[in-house]
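Residue numbers (UniProt numbering), protein chains in the order written: chain A, 1 to 412; chain B, 1 to 258.
Think of the hints as simulated: they come from the structure by calculation, not from any bench.
Do not take every clue at face value.
Claimed, not checked - Heads up, simulated SDA-like pairs for lysine to any residue below, C-alpha to C-alpha not over 25 Å straight-line:
hint, chain 1, residue 1, chain 2, residue 2
1, B, K36, A, K34
2, B, K38, B, A21
3, A, K34, B, E34
4, B, K178, A, A344
5, B, K22, A, A47
6, A, K189, B, G60
7, B, K163, A, A293
8, A, K34, B, K22
9, A, K34, B, G60
10, B, K163, A, A344
What the hints assert, rightly or not - Label-pair distances were calculated between CB atoms; the ranges are:
hint, chain 1, residue 1, chain 2, residue 2, range
11, A, K90, B, V222, 38 to 48 Å
12, B, A28, A, K146, 31 to 41 Å
13, B, T198, A, E108, 38 to 48 Å
14, A, K146, B, A18, 51 to 61 Å
15, A, E108, B, W201, 33 to 43 Å
16, A, L45, B, Q235, 56 to 66 Å
17, A, E77, B, P195, 30 to 40 Å
18, A, E113, B, P177, 26 to 36 Å
19, A, P281, B, D32, 52 to 62 Å
Glycine included, every Cβ here is placed at the ideal spot set by N, Cα and C.
Single-letter residue listing:
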Amino acid sequence: MDNAARRRDKSAMQHALIIGGGLNGPALALALAKAGIGATLLDALPAETRSAPGFDGRAYALAAASVKLLKALGVWEAVAAEAQPIEEIKVTDGVAGEGAGPFWLHFERGALEEGPMGQMVEDRHLRPALLAALEGAGVTQRAGAKVIAQETGPGGARVTLEGGEVLEGTLIVGADGRRSGTAMRAGLKRRGTEYGQIAVTCAVAHERPHEGVAHQFFMPGGPLAILPLSGNRSSIVWSERAARAEALMAMEEEAFLAALRPAFGSHLGQISLASKRFSYPLGLSLAERFVAARLALVGDAAHGLHPLAGQGLNAGFRDVAALAEVLGAAVRRGEDIGSAPVLARYQSWRGFDTAALAMATDGFNRLFSNDNPLLRAGRRLGLGAVSALPGLRRGLMREAAGLTGDLPPLMR
Amino acid sequence: MTHSEGHGAVTSTATDPAELAKFEAMAAEWWDPEGKFKPLHMLQPVRLDYVTTQIAAEFGRDLGTERPFEGLRLLDIGCGGGLLCEPMARLGADVVGVDPAARNIPVAQLHAEQSGLQIDYRVNTAEALAEAGELFDVVLNMEVVEHVPDPASYLTACRALLKPGGLHICSTLNRNPKSFMMGIVGAEHVMRWLPKGTHDWRKFITPDELYDLLRGAGMEPVDRTGMVFNPLSWQWRLSGRDLSVNYVTAARAPAAEV
Numbered sequence: 001m002d003n004a005a006r007r008r009d010k011s012a013m014q015h016a017l018i019i020g021g022g023l024n025g026p027a028l029a030l031a032l033a034k035a036g037i038g039a040t041l042l043d044a045l046p047a048e049t050r051s052a053p054g055f056d057g058r059a060y061a062l063a064a065a066s067v068k069l070l071k072a073l074g075v076w077e078a079v080a081a082e083a084q085p086i087e088e089i090k091v092t093d094g095v096a097g098e099g100a101g102p103f104w105l106h107f108e109r110g111a112l113e114e115g116p117m118g119q120m121v122e123d124r125h126l127r128p129a130l131l132a133a134l135e136g137a138g139v140t141q142r143a144g145a146k147v148i149a150q151e152t153g154p155g156g157a158r159v160t161l162e163g164g165e166v167l168e169g170t171l172i173v174g175a176d177g178r179r180s181g182t183a184m185r186a187g188l189k190r191r192g193t194e195y196g197q198i199a200v201t202c203a204v205a206h207e208r209p210h211e212g213v214a215h216q217f218f219m220p221g222g223p224l225a226i227l228p229l230s231g232n233r234s235s236i237v238w239s240e241r242a243a244r245a246e247a248l249m250a251m252e253e254e255a256f257l258a259a260l261r262p263a264f265g266s267h268l269g270q271i272s273l274a275s276k277r278f279s280y281p282l283g284l285s286l287a288e289r290f291v292a293a294r295l296a297l298v299g300d301a302a303h304g305l306h307p308l309a310g311q312g313l314n315a316g317f318r319d320v321a322a323l324a325e326v327l328g329a330a331v332r333r334g335e336d337i338g339s340a341p342v343l344a345r346y347q348s349w350r351g352f353d354t355a356a357l358a359m360a361t362d363g364f365n366r367l368f369s370n371d372n373p374l375l376r377a378g379r380r381l382g383l384g385a386v387s388a389l390p391g392l393r394r395g396l397m398r399e400a401a402g403l404t405g406d407l408p409p410l411m412r
Numbered sequence: 001m002t003h004s005e006g007h008g009a010v011t012s013t014a015t016d017p018a019e020l021a022k023f024e025a026m027a028a029e030w031w032d033p034e035g036k037f038k039p040l041h042m043l044q045p046v047r048l049d050y051v052t053t054q055i056a057a058e059f060g061r062d063l064g065t066e067r068p069f070e071g072l073r074l075l076d077i078g079c080g081g082g083l084l085c086e087p088m089a090r091l092g093a094d095v096v097g098v099d100p101a102a103r104n105i106p107v108a109q110l111h112a113e114q115s116g117l118q119i120d121y122r123v124n125t126a127e128a129l130a131e132a133g134e135l136f137d138v139v140l141n142m143e144v145v146e147h148v149p150d151p152a153s154y155l156t157a158c159r160a161l162l163k164p165g166g167l168h169i170c171s172t173l174n175r176n177p178k179s180f181m182m183g184i185v186g187a188e189h190v191m192r193w194l195p196k197g198t199h200d201w202r203k204f205i206t207p208d209e210l211y212d213l214l215r216g217a218g219m220e221p222v223d224r225t226g227m228v229f230n231p232l233s234w235q236w237r238l239s240g241r242d243l244s245v246n247y248v249t250a251a252r253a254p255a256a257e258v
């Protein structure tokens with residue numbers, strides 16, 4: 001942080017109250033500090049729970065644009081050594097009982113001048129790195145701070161914590177996930193779809209090196225992603241119909257591996273479990289608006305996406321970079337960062353982008369999570385066509401790497 | 001959304017509750033990005049970018065610091081609800097806002113108070129202030145000159161308000177077939193951004209004419225920049241080349257009186 005930002009931070013004339021200390025909340029606090037805006041980060045969880053290392057194997061596929069944000073925020077250095085670059089992506093249409101289909105969509109290595117398409121980073125490395133960076137940036141952190149009420153007026157906003165303490169600021173930011181209490185208290189309605197699908201995720205150790213290749217198989221029950229982690233390990237995200245997923249969770253380790261093998265294939269040799277299994281129900285949950293009076297939503301609080309292709313955190317980081325840009329520019333112009341005209345700029349920047357992404361991932365999942373022979377033939381032809389047309393393939397790769405659209409400066 | 005009673009609300013101006021409620025509604029209207037003043041809100045980021053950059057350059061201030069305009073006395077002519085005065089005050093300037101429309105002043109005062117800002121709002125004109133001998137480092141003269149009956153004498157009054165070396169920023173509309181289509185047919189009749197009859201196209205001023213007027217009033221023009229609306233992105237941007245419809249100029253008063 002430069003001297004100007006530090007001076008301004010202390011005066012805290014314009015101050016954001018960020019509710020939610022997961023990944024987007026800390027990233028936003030860092031980005032705001034860089035722009036010279038003070039922030040208080042409130043998390044409902046007690047400090048010891050927050051700083052406890054996450055379990056092995058829970059990992060994020062960070063698009064190249066997200067990596068750029070972490071670099072700009074000075075967080076990347078702390079996770080780079082443990083990150084695994086995604087050098088190649090292979091997409092296949094699977095058929096139940098037959099393994100992978102013959103038509104591949106292949107995003108080859110070295111095709112993007114910016115470097116790898118993305119980086120796999122484990123939660124147990126990313127979370128502590130973000131929290132450590134906050135310490136250095138002078139962001140006020142409050143753990144175990146459960147917000148029970150919020151009020152906004154023409155001159156400012158305030159939140160009331162359990163226990164009665166009141167905090168004041170210029171703007172409230174909800175970074176508190178898809179069941180966002182911040183959005184609910186502001187009266188922002190949500191709409192969404194449940195897919196009747198559950199994602200089972202865990203880390204798998206394998207005999208042979210993965211060479212940085214990520215695989216995505218579209219199976220009739222839902223997609224299976226195999227994402228390379230550091231060493232001879234991969235993270236799997238296996239989406240299945242709810243009943244089947246529950247059965248997979250309940251299985252003994254050997255039975256689970258036996259169920260996984262036909263889809264996983266034998267290209268990496270013998271496999272074994274390298275972490276516990278966790279499950280997440282899949283669904284789309286979109287807030288009707290991302291802003292209200294003196295309030296903005298980021299991440300899942302604004303848009304809980306189908307986690308296909310790991311777009312959830314990447315979309316959240318895009319919110320963070322866009323909001324920090326809008327508010328930073330407003331401060332330099334002397335505008336009130338909580339005022340409706342300023343927040344409307346964030347809404348119009350992110351609103352359309354997110355709706356398009358939500359519809360695309362939703363449609364993609366519905367198209368591929370289907371055993372209808374006609375659809376299967378169509379999508380195989382489609383994947384083949386994309387593979388055969390280098391221009392279209394590069395376009396899709398840039399899209400997946402998050403390098404398209406109206407990119408916030410922090411991601412360029 | 002709950003708006004709490006009294007939180008950030010006015011404490012001193014309120015005398016008649018009905019009057020206060022009316023002013024509150026008018027202040028809310030001025031600051032509603034989708035309301036009656038939507039065209040001004042859309043223009044606001046580029047206007048402020050221009051104004052802040054020019055002031056910072058002229059007076060050697062760093063916009064990355066807190067309150068960069070500290071110590072500068074600034075006048076905004078035709079201040080309305082205070083859309084320009086408030087940002088300038090937040091950046092540290094000592095701000096006077098004048099508007100000949102008396103109904104705007106209590107509304108602007110109320111909003112400044114809600115925002116915790118000290119701004120000196122007055123029902124007044126540039127000519128009257130000049131007569132009273134008031135002096136400023138910066139005079140903002142945005143979208144006014146095309147409405148006055150005699151631009152030359154008006155700009156002479158603006159010049160009289162400047163301290164030696166003071167900065168005068170003036171925006172207006174160009175006069176050509178395109179500005180007629182965009183500024184009057186487009187903004188007043190098609191988009192309904194502005195009430196019909198807001199502008200008289202014959203009073204629009206070309207950039208060369210404005211430079212001549214500024215020089216005639218004793219100021220030295222230092223910059224002119226276009227403000228261009230892109231109907232695809234629905235956004236305004238600054239342009240060094242396209243001054244065909246909306247544009248803004250910066251001019252300075254001589255450093256020492258002659």
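Verification of the supplied hints:
For the given pair, K36 (chain B) sits about 35 Å from K34 (chain A) by alpha-carbon distance, which is inconsistent with the 25 Å threshold. With a C-alpha separation of about 22 Å, the suggested pairing of K38 (chain B) with A21 (chain B) holds against the 25 Å cut-off. Simply put, K34 (chain A) and E34 (chain B) have alpha-carbon atoms about 30 Å apart, too far for the 25 Å limit, and the pair is violated. Restraint check for K178 (chain B) and A344 (chain A): the C-alpha separation of about 29 Å exceeds 25 Å, so the hint is violated.
Restraint check for K22 (chain B) and A47 (chain A): the C-alpha separation of about 48 Å exceeds 25 Å, so the hint is violated. With a C-alpha separation of about 48 Å, the suggested pairing of K189 (chain A) with G60 (chain B) is violated against the 25 Å cut-off. The suggested pairing of K163 (chain B) with A293 (chain A) is violated, with an alpha-carbon distance near 40 Å, which exceeds 25 Å. Between K34 (chain A) and K22 (chain B), the direct Cα distance comes to roughly 40 Å. Violation of the 25 Å bound is thereby established for this hinted pair.
The suggested pairing of K34 (chain A) with G60 (chain B) holds, with an alpha-carbon distance near 23 Å, which does not exceed 25 Å. Between K163 (chain B) and A344 (chain A), the direct Cα distance comes to roughly 38 Å. Violation of the 25 Å bound is thereby established for this hinted pair. At roughly 60 Å, the beta-carbon separation of K90 (chain A) and V222 (chain B) lies outside the given 38 to 48 Å, and the hint is violated. Checked against the hint of 31 to 41 Å, the C-beta distance between A28 (chain B) and K146 (chain A) comes to roughly 32 Å, which is consistent with it.
Checked against the hint of 38 to 48 Å, the C-beta distance between T198 (chain B) and E108 (chain A) comes to roughly 59 Å, which is inconsistent with it. A hinted range of 51 to 61 Å is violated for the C-beta pair K146 (chain A) and A18 (chain B), which are about 41 Å apart. Taking the beta carbon of each, E108 (chain A) and W201 (chain B) are about 60 Å apart, not inside 33 to 43 Å as hinted. The hint said 56 to 66 Å for the Cβ distance between L45 (chain A) and Q235 (chain B), and at roughly 40 Å that hint is violated.
At about 57 Å, the CB distance of E77 (chain A) to P195 (chain B) disagrees with the hint of 30 to 40 Å. One distance hint, 26 to 36 Å for the beta-carbon pair E113 (chain A) and P177 (chain B), is violated here, with the actual separation near 46 Å. Taking 52 to 62 Å as the suggested C-beta distance range, the pair P281 (chain A) and D32 (chain B) does not conform, at roughly 39 Å.
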